[in-house]
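A.B. asks: Residues per chain are reported as follows:
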Amino acid sequence: MAKRFSALLQFALVLALGYAIQMAMDAGMINRYYAHVMTVMAIFVVGAVSLNLINGICGQFSLGHAGFMAVGAYTAAIITKNPDLILPAIFTGNVRFILATLLGGMTAAFVGFLVGLPSLRLRGDYLAIVTLGFGEIIRILLLNWDFVGGASGYFGLVRHTNFFAAFLLSIITITIIRNFIQSSHGRACVSIREDEIAAETMGVPTTRYKVIAFVIASFFAGTAGSMMAHLTQMVTPASFTFILSIELLLMVVLGGLGSITGSIGAAIFLTYAAEALRAFRAYRMILYSLLLILIMLFRPKGLLGTQELSYGLLKESFKSLRTRWQRKKNDDITAAAE
Amino acid sequence: MTITQQILQQLINGISLGSVYALMALGYTMVYGIIKLINFAHGEVFMIGAFIGFFSITKLGMDFFPAMFTAMIFCAILGILMERLAYKPLRNAHRVAALMTAVGLSMLFQNLALAHSWIGASAKGFPQVFPLQRFQLMENVNISSDRILTLAIAIFLMIALQFIVHKTIMGKAMRAVSLDKDAARLMGINVDKTISFTFALGSSLAAAAGVLFALNYGIVVYQMGLLPGLKAFVAAVLGGIGIIPGAMVGGLLLGVTESAVSAAGGSMFRDAVAFAALIIMLLVKPTGLFGKNVREKV
Amino acid sequence: MAVLETINLTIRFGGLTAVSKFNISLEEGELVGLIGPNGAGKTTAFNMLTGVYQPSEGTIAFCDAPLCSATKALQPYQITRRGIARTFQNIRLFKELSVLDNVKIAYHQNVKYGLLPAFLHTGRYHAEEVEIEEKAIELLKIFGLDTKKSERAKNLPYGEQRRLEVARALATNPKLLLLDEPAAGMNPQETQQLMELINFIRKQFSLTILLIEHDMALVMGVCERIYVLDYGKIIAHGTPTEIRRNPKVIEAYLGEELVHA
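Residue numbers (my numbering), protein chains in the order written: chain A, 500 to 837; chain B, 1225 to 1522; chain C, 126 to 386.
Warning: the hint list may mix true and false statements.
Stated by the list, open to error - Below are the SDA-like pairs computed for lysine to any residue, each with C-alpha atoms no more than 20 Å apart in a straight line:
{"id": "1", "chain 1": "B", "residue 1": "LYS1312", "chain 2": "A", "residue 2": "GLU695"}
{"id": "2", "chain 1": "A", "residue 1": "LYS502", "chain 2": "C", "residue 2": "GLY248"}
{"id": "3", "chain 1": "C", "residue 1": "LYS220", "chain 2": "A", "residue 2": "LYS502"}
{"id": "4", "chain 1": "C", "residue 1": "LYS197", "chain 2": "B", "residue 2": "ILE1343"}
{"id": "5", "chain 1": "B", "residue 1": "LYS1509", "chain 2": "B", "residue 2": "MET1492"}
{"id": "6", "chain 1": "C", "residue 1": "LYS358", "chain 2": "C", "residue 2": "ARG137"}
None of these hints come from the bench; they were simulated from the model.
Predicted model only: the values in this text are computed from it and were never measured.
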């Protein structure tokens, strides 16, 4: 009981912090450009943490996360732009946006199920190629679908997303995915990453869990897509390309495969870096791909490894630093004495 | 135009396109067969091959065949370097690490091409090296000289590959390594050299495919490797990944299906065909048309 | 009642028949050995029994219910849930995970809470997780691993990794335990301890055990009955004394060593 209470308290405190930042933005204490960048950061946290569930926790390899964001974005945009379509007209304004975001996530999850089931049944790397193909197919279909504007995109969405909305979504995503990982179901997913055959012989239905993880991740990708669409007030086939999938992948790798805190940090850092390096846009992807290759070559578990950043870990590393420093000092003293 | 004529015409178009996929699929399948890695950068090798051919003709004034040969040699070396520098260090790491490196390489090549002042973002016209001729086989059924050339070169290269794989020492080593790496090493086979050779072979075939593709479609552009790469992989899976004749049949099959779909009025869905074929294959027979049931050793 | 009964179990890899007409029958509570020279097909037989490989022919019945027949084959996880657990010849622990988590994963089939309690960490989640943790630690105590519960599995010494694998298999609550060379790589003292442990858990958990082992002295010492496999076929079966005297076995397996002795 105490555990649950403290978890709720923590959740409330974090939300209050997010709300305070939003108020500061509304009062003009944080300029609009920074407010925008911070909102994008929060959305990318959702994307990176959910992708980490597939690539880091489950040990599978998806290359189509942006495709699921596109599915969520278009679904939600269609709902918010057409007051009578899909949802009855009594839902308006932000309520409609929230429901649209949820439906966007659910559509992405359903598509994730359809894409994941045939490829996750098999061992090996079929998921990578199927999701890569899926991302391309989604793009081609959207280009040819006139109802949503074809190549020029779907414009004129109401700007429903503010920092607090994106922040709230990221906190919900982090909490749910973290809770999932700590549960027995999440452990089943990790066991698949560690050794699929052993997992199966320990009674873990591996296909089912791979699909579950994939569907959860697709859901959150879809909601992130909706957030993004209602931030930029438009969505085009070019908004969610393979390049975005690669950026998300780099966030996961940079933060460490399987480390949620790592993904959060990397999502924030890379979004910031992309803004700071705007002048070098042309070379950004070269840098990203080089980074991806080098991290894999020298730290195959991701730059920061699978460990979670926590107060305990900080204390541990501080302690080990101090003992090392002391030992060095002692060595120096003995060396000097000799 | 009768239905029969239309079917024949599409069959011809499809076989010629399919032979390009098949050449590329061979590279995927050989590399997968030997180190169990989907070499995502294979599509970019195809693109680079096409550009080397293009520049050899336009900047160096070479004829078509020397240009294609240059592209093949260049990409063979590129393939070896790629394997040595990027894949070899990860041979014993988690397979996701190797896959991510492959994706990274693919992006790297694509964006280097994009940033290069000779290539850039816009598509360039591939020169019409041979005067285009159309031969009428029967009423309403034509074949162009470029198509004939493509098919002839593809068939020649495939026969050459079969010869290398089945009649040479290196080919024997390749087959041995793909069956059992450790046993092959114990038999005195230089496994590293064999793997490098496989990459060289696969990459040079991709380069040839790239040049032929450019010849047929008349353009070269930095993104040209993405979709053909994806489709060639699907072709490899259709035929049974790791099986060389499977890749050839899979490529032809995919080419013909694609032509048929675009002729039936679904040109918009042409690119979706490969994906649908992949999903269906994974559901029905994941080991591919020629696949044996390979069991993971426990 | 036979706990496990196989009829004409056969598997072919391409042209090679790895195991052919494998017929065994285990009674409840027995400790039976499966021996044979290297490459005889012992592990392949285990892989068929646990659903990792699909047999080409033949049937497996477990507690009189079919696990595998011409028309239907259960997945490995379903077989585990029916009550067959195994260890692996080349240890397959979840290396990066803690000792405790290795065992907890094996309790997976008993978890009753669904995804929603997992997402929200409801009271039900906490109650069941506490129960799993207690059970896992209790089991680790039997194997003397409870003090190492937070260590990563890959950091354990070899002998302890083997023990952890047995503990993990037991956590799935099996009726039948298949042990694939549990004493491989252990020194005589460790082997002795392991055998005592196996005898202990067999009584404690009322298990039937099928054991693959290379250490002849050990098999002869603990098993009540022995099947001998050679080139994929069962060439002999009987009590250790009978096996020791069987000329076919002496020729195929024990060979000259015993003849000279």
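A.B. asks: Decide, hint by hint, whether the structure agrees.
C.D. replies: Now the hints, each set against the structure:
1. B:LYS1312 <-> A:GLU695: Answer violated: LYS1312 (chain B) to GLU695 (chain A) is near 24 Å, above 20 Å.
2. A:LYS502 <-> C:GLY248: holds, 10 Å
3. C:LYS220 <-> A:LYS502: violated, 30 Å
4. C:LYS197 <-> B:ILE1343: violated, 58 Å
5. B:LYS1509 <-> B:MET1492: Distance of about 27 Å is beyond 20 Å: violated.
6. C:LYS358 <-> C:ARG137: holds, 13 Å
In this structure, the hints that do not hold are numbers 1, 3, 4 and 5, in rising order.
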